Every structure is written in structure tokens, then in C-alpha cells.
Amino acid sequence: MKKETTYLDYAATTPLDPRVLKVMLPFLKLDYGNPSSVHSVGQKAAEAVEKSRERLASFLNCSKEEIVFTGSATEANNLAIFGLVKKIQTLGFKSHIITSEIEHHAVIEPFKILEKQGIEVTYLSVDSEGRISFSDIEKAMKENTVLVSIMYANNEIGTIQPIKQIGELIKNNKKKLPSTDYQIPFFHTDAVQAVNYLDCDVNKLGVDLFTLSGHKIYGPKGVGALYIRKGTPMSPIIYGGGQESGLRSGTENVAGIVGLGEAVNQIKKQKSRLRQCHSTLRVSDHSIQRISDSMNSMSFGGRAKNKKIQRLRDKLIAGILKTIPGAKLNGSAKDRLPNNANFSFKGAEGEAMVIALDQKGIAVSTGSACSSKSLEPSHVLMALGLSEEEAHTSLRVTLGRGTKEQDIIKILKELPSIVKKLREISGSI
Amino acid sequence: MKPYYSKKAIQRFTNPKHFGNMKKPDAIGEVGNIRCGDIMKIYLKVDDKKGKKIIKDISFQTLGCAAAVATSDVICDLAKGKAFEDALRIDYKKVTDELGYLPAIKIHCAQLAQQGLKAAIEDYESPNRSKLRGIFSEKRLSDKKNNQ
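Chains as they are written, first to last, in this note's numbering: chain A, 1 to 429; chain B, 1 to 148.
Since the hints were derived computationally from the structure, they do not count as laboratory data. If you're wondering where the values come from, they're calculated on a predicted model, not measured in any experiment. We put the CB at the ideal spot given by N, CA and C, even for glycine. Treat each hint with caution, since some may be false.
Said to hold, decoys possible - Stretches of chain B that chain A covers, calculated by requiring three or more beta carbons in the stretch to come under 8 Å of a beta carbon on chain A:
hint: 1; region: 11-17
hint: 2; region: 32-41
hint: 3; region: 55-64
Claimed, not checked - Non-contacting residues of chain A with respect to chain B, defined by C-beta distances greater than 12 Å in every case (computed):
hint: 4; residue: 36
hint: 5; residue: 175
hint: 6; residue: 230
hint: 7; residue: 311
hint: 8; residue: 323
hint: 9; residue: 328
hint: 10; residue: 390
hint: 11; residue: 393
hint: 12; residue: 413
Sequences are here, hints too, so could you generate the full structure?
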């Protein structure tokens, strides 16, 4: 990558935090042991994996036995969905499962596969800002609903779902699965995009399954994790040597797991540091109170931590809407991750804007990195009720820890002329 | 590994030579659909002498990805000055070759450019040509008015 690249695609992936790299390196060089080996070389690696598991448990407020490391968040989502349904199938129970229309492909595709296999599936629609309604969830739940999977925050438009309230709703509707001790439905959330910014206490949220990824939180690629609440039915989807309590066979990615542990540790440290700093401030000013109220879906520490990112993101949105005629913000103004902006510019195609910005040294994306090579318009934007043209003319800009004022100034300088030129080329000026 | 787009494709996309609306075109070809994200219009000025039809001028308007813009520009380059029968022989592979290469998923953009040119020539040959053209230009005018 060129040194001067302005990276504004943090929802696709984040750079590795140097502190994370530092703790990973020994396990790529000297401490190469297999955690399953009983000798001291192996046990050193096993110890590191367990330490990382403790860090995740502390971050999520759960016990370490409830954490399973996987090869990616996609794999964690697959395990949550297929693993739970498979286990329940073995009990001879006919399942119904619920998700939303705007989930990441890593959730939608497993649902589609299960649907093809004869499992009853409900896809909840969303409103024009990407929010799921409580009454829709309530209406969708049936006697045989075993799983509800709702993402914490959307990867394309950043819309935050009220997971805590949905958790309560599901809890109030739980019933006993006949001839078992299981209380159905179970609640899964894909929290990949939320971990940096929102409260991840699984008990406060009331979730049974929680997916997170390493590389979206300044950790390494090739590692993810699934929180599985004790007592949740689960079958493995990968078989072999029985690692991870039999739920995920395959020799552990030790360096990756260590990196993931350090990445969440850094987020936790930052949150508690800012919590301390926040508590020394007397919240006497009415306006501060108002700001706090308007951001009540974020964790306490998270609010302060993300202030800078949010300020820059707001500057970006205001600047774009002001300087580009016909620009439209997709998603919610309020229930939104602080680092996400998503626009539609009629007459300028998304991929063309990405390529043109890349020529100027700015990295952004269309809908999502994984679907950028697909010709279909974004399923998320279509679910909001956008037209196909609006969906094809969208651009996602996502900020992160490394984003500076200059980066925003640069994209605000370059994008208007790119949109103008593309509109000239398409004849829609 | 080759970059996603060739240098030539990027150059064509960032500096297309033939884009723009044409005043009083002799024919218009419109192909593509918004679901796939590409809409391409090819405009022709035709020199029609003694039954020999030559593309005197050509331009395009494309709402689409970088590849769609680049292939539109290339097809205009290749067709300009050519007689209809020669222009119809321009294969999409020729368009791709001009760009060096295209990612597999973007080959359809070169095909779209070939179809766009063909559609424009067919429009010229069609008995309804003038009528169709009238609709296009009226629609554009009304679109413009609506935008103002």
C-alpha cells in the first residue's frame, strides 16, 4: 500500500494494532508449540490460548468455558446457526428460525441453506433506516422457533439494532422445548461491526450466542470467536481432533488467538480509562446530558472514546450533503455506528466512484467488501426500499482509529468533482 | 498477480474521449439495465452515400462501473470512421484486448459495448428510427426539465 493512502474502509478491515502484533510475534517465531501437546513447548502455547480466552470472557462478561475460537467470524456465525439447528434436529424437533433481511452474508447464506433443507425460515424486513420492529419479531415467533439471529450493527449502513431490548423480548417469550431442559428460542447476534463501539456485555444484552472477529478490531485476520451461553445446544460443524471442547476441531491458530485476546484487551482498557475520565467530569451542562441521551445505545466508555471518530464522520456527512447536489444519506441519522457513512449519488455508479477515488489515493467501498464483485445491488440497501439505481450508486465510507481531519478534508475535496464527472459521463446532470 | 483493472482500463475510465450527448444524432442504441448497474447509450452520426454507411461520429453516455465506461470509450474508438459492416464485425474480445484484460466478472461490459454499437446501427437501419430518436430526445429534454 502506498504510504499516502487515505484509508476510509475500516468496516472492511482494520490495520493491526502494533501492540497486538507485539504479543503475537513470539508465537510466530519461538513459541511454536501445538497447544494439544503435553510437553512444555506445547503447554506454553496452550497457556497463551487460555489467557486469551480469559480476556475474551472478561470483555464479554462471561466464563471462559463459554468461548470458542474459530477461523473467522463467518465460521463463528456458521457454527452458531448450523450447530444449534443441527443439535436440535437430533432431538427430532422441527425447527423454525428467524433472521433479518439485512444480515451479513455469513448469516443470510446459512439461513438460505437451512431453508433449502426444509427448515422453516422467517426473514424480518426493516424500515427505511434499517431498523427491525419489535412487533415484527414478536409476530414472527412461533411455538417451534429455536433461533433468532439479529446483527448488532450493520456493516453497510451502520444501523444499530436494540439488541438489549430484543434480548428482553425473547427472554419473555421463552418456553421449554418439549422433553428437554432447553428454553427456546435462543438469541444470536453477529456483533462483528459493533465490538469497537458498543456495549458487549452478553448478560446485559441477553444474548445466547455472540460472534466477533479479529480483523475488524485491529487484530489479525483468520481468527474469530463465538460466545455460547452455558446450556445452549450446540453440535460441531468441523470434526477432527476435538479442540475447543469438541466444537471446533483443528490445531489452534495460536498467534491469531493471542492477537484477538490483545485486541479486545485494548478495547476494554480504552473503555475503562475513558469511563474513569468521564466520571471525573461533572455532567452539569444540559447540552452534555442531551448528547448523552441521544447516544444511549452506546456503552458509557464507548461514548467518549468514539467522540472524535463521530465528530469527523459528522463533518464528512455534512460536507458531502452540502457540496454534492442530490446526495442522499442511507441508513439512520440516530441509531448508527459512529464511524459509518453511506451515501447514494444518483447518476454516479458506486464501483466507478471507488476506482476514481482509488486513483486519488483514497480507499473506500461500495456496499460491502465481500459483495463488491457481485453485480447484484446491495441486499441491505434494497431492503431499506431504495431503488436499484440508488443501490448501485452508493458509497460506503467508514472511519477508524487512524482517521485524521486531513483524511476527511481530502475526500471532501476529491469526491464532488468525481461525482460531477461521472454524472457527465452517464448523462444525468 | 495482475491488478484488478489494467492500467489501460484505468486510463480509459479516468480520461474517456468519446463521452457526451450528441446534438441531433442519426441513431441511438441503448442497452443494459439498472438491476445489473449498467446502462449504456451509443450515439451515431452517419455518412450515408450511395448505400455505403460510414460512422462519421460516435459518442456514449454510460451509467456504470469503471469497466463499463472504459469499454464504451473503446468501442467508440474502434467504430469511428468504419463502415457499418466493418463496425458490426468488432467483437467484444477486440474491446477487451484494447484494454489489455478485464476481470472475468467484467467481461460482460465489453459484450455490452458490442451490443450497444449493434443496437445503434440497428436503430439507424430501422424504419422507425426517426420516431424512436424523437422519443429519446424528448425524454431527455423532459428529464432535464424535471431535474431543474
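Structure versus earlier hints - violations, ascending order: 10 and 11
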